[in-house]
Amino acid sequence: MLEIVILIPLLSGVAAFFLPPRPGRVTLLAAGVLHLAASIAALSGFLPAMLPLYFTLTPLGGLVLVITSFLYCMTAIYTVSYMNEIEMHAEPAFNGSMLLFLTAMSMAAIADHIIVLWIAIEATTLTSAPLILLHKSKGALEAAWKYVLICSVGIALALLSAFFLILAMNQGGVQVPLNYNSLNGVAASLNPLWLKAAFIFAVIGYGTKMGLAPMHTWLPDAHSEAVSPASALLSGALLNCAFLGVYKTHVLLTSAGIGRFSDHILMIFGLFSILVAGVFILHQSDYKRLLAYSSIENMGIIAFGSGLGGLGAIGAVIHMIHHSLIKSSLFLTSGNILLGYGSKQIKQTRGMIRLLPGTAAAFFSGFTAISGLPPFGLVVSELFIILGALRSHHPVAIIIFISGLLLVFSGACRHILPMTFGSTETKADDLLVADRPARLLPSYTLLAVSIFLTFWMPERLWEIIRQAAVLMGGAHG
Amino acid sequence: MISFADLLLAFVFLSVLVSLASNRLMELVKIMAFQGVIVSIIPLALAHGSGIKAEGWEFLTATLLIKGLIMPMALYIAVKKVANRREVEPYVSYNASIFIGLLITMAASLISHRLSPSMPAADTLLLPAGLTTVGAGFFLMMTRHKAITQVIGYLMLENGIYLLGTAMARKTHFQHILEFGVLLDLLAGVMIMGIILYHINRTFDDVDTGILRSLKD
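These protein sequences, in sequence, are chains A and B. Quick note: the first sequence uses the working numbering, first residue 1, plus one each step. Quick note: the second sequence uses the working numbering, first residue 1, plus one each step.
Calculated from the structure, these hints are not laboratory results. Hints may be right or wrong, so weigh each one.
If you want the footprint, here are the derived chain A segments under chain B, 3+ residues with CB under 8 Å [said to hold, decoys possible]:
| id | segment |
| --- | --- |
| 1 | 107-116 |
| 2 | 138-144 |
| 3 | 147-154 |
| 4 | 158-169 |
| 5 | 280-292 |
| 6 | 355-363 |
Quick list of the computed label-pair ranges, beta carbon to beta carbon [unchecked claim]:
| id | chain 1 | residue 1 | chain 2 | residue 2 | range |
| --- | --- | --- | --- | --- | --- |
| 7 | B | SER93 | A | LEU432 | 50 to 56 Å |
| 8 | B | ILE177 | A | ARG260 | 33 to 39 Å |
| 9 | A | ARG260 | B | ILE70 | 44 to 50 Å |
| 10 | B | MET26 | A | LEU373 | 42 to 48 Å |
| 11 | B | LYS216 | A | PRO21 | 42 to 48 Å |
| 12 | B | LEU64 | A | ARG391 | 53 to 59 Å |
| 13 | B | TYR91 | A | GLU463 | 51 to 57 Å |
| 14 | A | ARG260 | B | TYR91 | 37 to 43 Å |
Beta carbons: idealized from backbone N, C-alpha and C, even for Gly.
Pulled out of the complex, with its shape left as it was, chain B reads as follows (with noise of 0.2 Å):
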């Protein structure tokens, strides 16, 4: 029987590969939205409703609020105000993109599977779907032309890093307000980043990676 937690982890894989595939900025920002509210929710799935205590709710809302709603929010403004063109352009063409991102899946699932014996007994699925997370997020950063999109790179690649510390780190409860912190690192550097995206425009007229390169040896 496939459980909810399953279930969220195959959106997981899906929102992924249709984010290597979407050729719109709005429409990848609205795959990391939804990619946000899973990810903040699989903790939840994971516990069976049974192992959560209050203030784990508590972080468990600011998470959904800052990776569902909040920074989707920023990126939609950004892409609003800083993208002329709202393709995605990438250096590498999207059915190329998705064959890649079946390959990363590959590897995970390949890794995982090495991996899994010295693992704490966890859902099955979780590990792999982390894994595929951080190498899209890589991916995206690398292959796109877009600022913004090495922005959503990187946040699918903490994603990524959020779901594989679920993986590992389940067991010992280190104190929310620790996972707290990150969070609030994380929400600060995408704002930075957004700044920074900002003036570059105003600065450029453009948001491509491309021109970014005088400064070199």
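Just chain A, with the same shape it has in the complex (with noise of 0.2 Å):
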């Protein structure tokens, strides 16, 4: 049964509540690797639904649950060694939270029906909330309510997406359950102006919670200030799922035939969120903050990928596996740089080559992979979206999104040369905590999983990146 993804983390989830922090963390993995075994088995198509009304694994979605287990495993891995640096006085609550966490981001990958996808990605940020909340400064509670009252208005909206779906099907007289799978189908008897209306309010719901500008306000607030590791999840698994909730609508408006309506919806909010990325990342100051306007950029640059379709749209697909990938190693490397500086400001973090030569190495090299350059998967998926973009013609919009890329990357450059090369008084008996493998472990694990994807694409991921690109008009080439 499919679900069983969602029952896994949901019960261990609750039992971490209750366990002293050994077990916890003991619960936290066993729990991972479990799952992550469950969602491969629900991937190559062992796991059939219980509930299909409910629940289907679409092409993507299952892209989507498989990447968030592995990033959860990864993370799972480095949150062990991370407790034990630093003074965590609520740990079960945050074992369990990170499961839960799991469960809802689970639901949301699997889910199918309208309302169901919409109860999971609220769940989303109700369970991510504590993870933020937990350090308990003053800054982490201002992001944490910031987090929550910005997505759960998004989410809102989403519902009334959700209700002029509704609409739509009764005003067109379709008799149908309310899940994807089945209006897909019939989409083409589907009431036009209300299927409008619910992506314009699907985008701006979900599109909140994906971290799409304008709406983008509470992201690099809340994956800075969260604990590292659950920025990590937030940043590489969160944004997937809101995305799912923007892909399925738009994926019916393309079955429906009104397609270029929300292609070019899609199209302007990307390059709108990969220019305000690159702006604000020009004068960074703290370096997850960075980290997270370029998790803005990237998925603007998935919105954008999207609503090209053609090859446009494969590469939308790529570029969210390899930036999960790259992105969540970074974050995890970021931790390390904050227990060994003890500082989030780029100043004063110069000179990581000398000082933690490990972290430093993986930081750069997940800098090189976030800019697009090979040997990392982003390359490939620039490549087809630019490619993409010049046979449906869109001049102009090249030319914004190649220099949105250079602005974002040269940006990046001036803070992240001289936090890896720069010189610096700090010494080596200066840094709180030295570097250790069960931190750099699953950063280079992530890093090395996106260059072997690169370069060797199983064929059955292939098919599957095939099919969820020609849901939304992809492919051809």
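Got two chains here, each in a separate frame; can you build the complex from them with the hints?
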């Protein structure tokens, strides 16, 4: 049964709330490994859904599920070592929230019913808020407050989008179950006007959660104030789940034959997000916020690619996979930097290559990867997107897209190069915590998987990517 | 003749306007409890006592309990524990707020008038009431100092969306279990906001959102 990917983390999460820290950490890891096994089985088609009305494994949903599960496993390994270094007074609550967060994300990944998807995505907000709150510093409180309030309001608007979909059904005289799968089959008879309204509200609602500008304001705060393992999950896994909400409505419009409408909206939001991120990265002083803005940029790229269709849509799906791997690796590494230097300021964390060589190598490779340089996967996806834009004749969009990428790259260079190679007064003895293999291995593994997938993509995975892209008007060629 | 549903919807409009004018936090909480009760029994009034099945009653009771009792109670406790000064402290004066409330109502009526031909035949007041409540909820969230009034604004927004949902999706009986899930999310959301609020109050000794402005670029 497919629903087991919800049950495993749910039960262990509830248990973790009552377990003392040590067994709690074991639960954190064990549940992650079990969940990964179940997710891979699900993607291979071994787990049919028990409640097909509510849950179905769509191609993109399956990808999101496996990515989430894999990132979670890596994060769990990291967390166990991370918890040894910091004093966390509410560790059971942290462990429990991590697992419940995984529950909500898994539910979002496999949900196909309009309302169930909504419930799951709202649940991701609620279960991840404690992960931001747990620091209890002033900044963390402010970030958690903004996060819960802005995302809840955004998602409330996504509920309106669900009502518009129901209205589009009623107007078109369609009588099918309320899930995306059945609606896709009858999309042509849905009322196009209300379908468009539903898409607009889905982009505003789920787009808030996904971090599309100008609804992104919560994202830099939440990602920078959360505990580093939680930042990795927020950026690498949660944003994909929110993208699913936008994607599914976009697929509906595409099957209804009015995909051009949603294409244009996605492209505009995408390009705008890239530019906004570029401008804010330029003058950034906090490296975790810098990474958060880079997430906004990458979500913009995904939205832009989805809007392009054709090769661009394939690029968007590949981009999603690699962004998750690379960005979560970067956030995990940034946790090491924070532990070592005790500061999130770029100015105070110079000369890592001498002081924290292992971390510096992971951080700089991650930066190379996220900038879209070979041998990492983003070079492939960005090329696909540019080719897609060329083929569909969007000259202005290509210019904005490429200049946006350059802006982000040059802005990030300005900060990352001194952080890695700059000279500093700090001596090795001044560091608070030294590198540990258990906190480096997950980062390296994530990057290695990205390289691996660039050069050798399993046939089955490629097929799933293609199917996910075809649904939103992708492929041809 | 005025139907029972119309009467209830008139109360919704009234509660929106009174909430914009109220200057005491406690008063605002009471209005929210009142609005919660009204909003949760509106589907009953619209069904004219005929179309509600057994599980429909269960859901209605649950909604009434959560919207009319549990959430206002949570707000009540929060106001008692958290707010040092019990005034609402608006950025926009009360008179101006009421005026804007009236403008929102007018805009909502105009929009509903334009939309009504493509809507299912429901009560004529339902759609404007929903839109007004959503608009006023947004307005409250934006123009009041205290963090707790933002929670109240969020609740009002949710009430409005619930009304809009009743207006748009009433013909399609989507399962009550799902509606219950939505309600549970809402409840958990308000609880978590309450917890954050509690910690904010302990750390900053105040719940003015003006002090929550340190994170920016």
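Of the hints given before, which are not true for this structure? Hints 6, 10, 11 contradicted; others consistent.
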